[in-house]
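Engineer: What follows is the residue order along each chain.
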Amino acid sequence: MTVERFDLAIIGAGPAGMAAALEARRHRLRTVVLDEQSAPGGQVWRNVEAVTTRRPQDLFVFGAEYADGFAFAQKFRNCGAEYRPGARVWQVEIATPDALPTEALQPPASLVLPSGSALDTGPDDDEVHVERRRTGADRHLYYTDARGAHHIAARHVLVATGAYERPMPVPGWTLPGVLTCGAAQVMLKTSAMVPAPQVVLVGSGPLVLLLAVQLLRAGVRPAAVVGTVPAGNYLRAAGRLWPALLAPGYLSKGLSLIGALRRSGVPRHAAATDLRIEGSARAEAVVFRSAGREHRIAAQTVLLHQGVVPNANLWQSLGLEHYWDAAQRCFRPVVDAWGNSTLAGILVAGDSAGIGGAEAALCAGELSGLSVAWQQRRIDTAERDRRAWLARRALKAHWSVRPFLDRLYLPPPAMRVPVDDDTVVCRCEEVTAGALRRLAVTGVHGPNQMKAFSRCGMGPCQGRLCGLTVTELIAATQRRSPSDVGCYRVRAPVLPVTVGEVADLDRPHRG
Amino acid sequence: MFRCLRDDPAEVHPSGITLSVDGEPCTVPSGSSVAAALLQRGSIARLTGLSGSARAPYCMMGVCFECLVEIDGLPNRQACMVVAEAGMDVRCQDGHAAAGAKPGR
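Residue numbers (my numbering), protein chains in the order written: chain A, 198 to 708; chain B, -5 to 99.
Simulated from the structure, these hints should not be mistaken for laboratory data.
Remember, predicted model here, so these are calculated numbers, not experimental data.
Where hints are given, some of them may not hold.
Covered stretches of chain A, as calculated for chain B (at least 3 residues, CB under 8 Å) [claimed, not checked]:
hint: 1; segment: 238 to 248
hint: 2; segment: 386 to 393
hint: 3; segment: 649 to 658
By construction, the Cβ of each residue, glycine as well, lies at the ideal position given by its N, Cα and C atoms.
Pulled out of the complex, with its shape left as it was, chain A reads as follows (with noise of 0.2 Å):
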């Protein structure tokens, strides 16, 4: 059986993968996006077809944002792209490595240094190293979706898969009742269903706030909601803030959230420490400490919520260059102005790339986008540039709200690495913070030894909930920096396939 090919595989149907794909469209690029949801939107659009059109009288809940995701899906369904929902990607793998040049594997000196932002681009043109782009092989991918497992191949491969809530390892965390903030709206959009009757959340960024806000929209009130931004964070974010205000719309967006949530009269708490869930069989109450005393608030419903991370695993897996952001805390790829990574044929664009949003996302989608269309001579120079020109600059000013963000809501160092020993930090293999950090003292080199010995990392989630964690608790133990610890090595397949599913492949399929 002949393989399907394409000029570009774009993996997410979120802002990013969507533009990707409607400007590779414009140029005629034999386009396919897969998406592991049913629709498309991702998580920030999530289910947002659906909404508009079948339960319209609950798009007021969502707010305007999440409305115009539906005139966006609705272009990207026309736009000529082989648009493959419920597609999950478990490998992408470049066709036999001899096939490549050597020196398309070393990173181009022109691509981004890890100077803390994704813009500081230098020069971003190296003829010479994108012509070696062109001359890859195929990139090949390998997918699972309702009818089987499934062999295709792409001369470009756009890695968008977006972000995830960030662990909030604190004890209690495990117990059924807690949930991220993230996975109530996920009910909320898909659903149509709310947390009741006892409902608080806990943590810090704006995701918390807009949630909050959403529930009482619905008409659900939590019983509280407990910040956990220490009081320094603002005074270290103050510093940022000149350039934030130059951001379209978020800080006034934030500060109508703020007054809407405190006009609403639910209970508020800031600065909360000592944070813990308590329960048996389920989630009863959170403990805190704000204010110089203790709370406990009861709850049969916590959700939990500390910032987005990207969802690293499909790129870990390809071996890209990537360093350590101290500002967002997480490890992101080493990328040039428009996606391109250390990988001839690679890109990676959106939240996946680093945390930006979606209105970033769609701009570093655009350009990936008109990048390859490029990289495959569809484009002149001159014309790639004239089109860039306004996604450039918008991703600029989308980006410049960041550094008072980052400062804003980074979590204090207590709930990224719990203090308290039994603490589960790997939820897969129940391995907890003491277990860890005894193995630390000892002097575990990093996260893979640290997995050898522990099974950290070893679960189904295979990495993706205690990865951070384990970094920063071994820099934290051993005194290093998260860079010089580094991360898991991740493979693929970076989701469970059964031998089943791999000996299909590039079998003709049923139906």
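Fit chain B to the given chain A structure using the hints.
Structural biologist: Only chain B this time, still in chain A's reference frame:
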């Protein structure tokens, strides 16, 4: 626990999907995941293999793998990534008992 946004189930479930969770019927709006049914009932997804502690849906977006359940006899399905279908038989996955049956654990 989660409940439907509107009190009138007919309004919420014009095309509701009824599936079985641990042997009991449960109706969720069409398009919902199996995990939504678990959350509506307040059900446990699985007992961990190591300590037997109870776990329920946590991230709802396919990242945490806490909501692994048995669906129509097939174990280790991510409930949050499987769209609920009428007549599905969803069961809590007892990883502890399964692991206990093996030597060495």
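Engineer: Each hint needs a verdict: does it hold in this structure or not?
Structural biologist: Hints versus structure:
no. : hint       : verdict
1   : 238 to 248 : holds (count 3)
2   : 386 to 393 : holds (count 7)
3   : 649 to 658 : holds (count 3)
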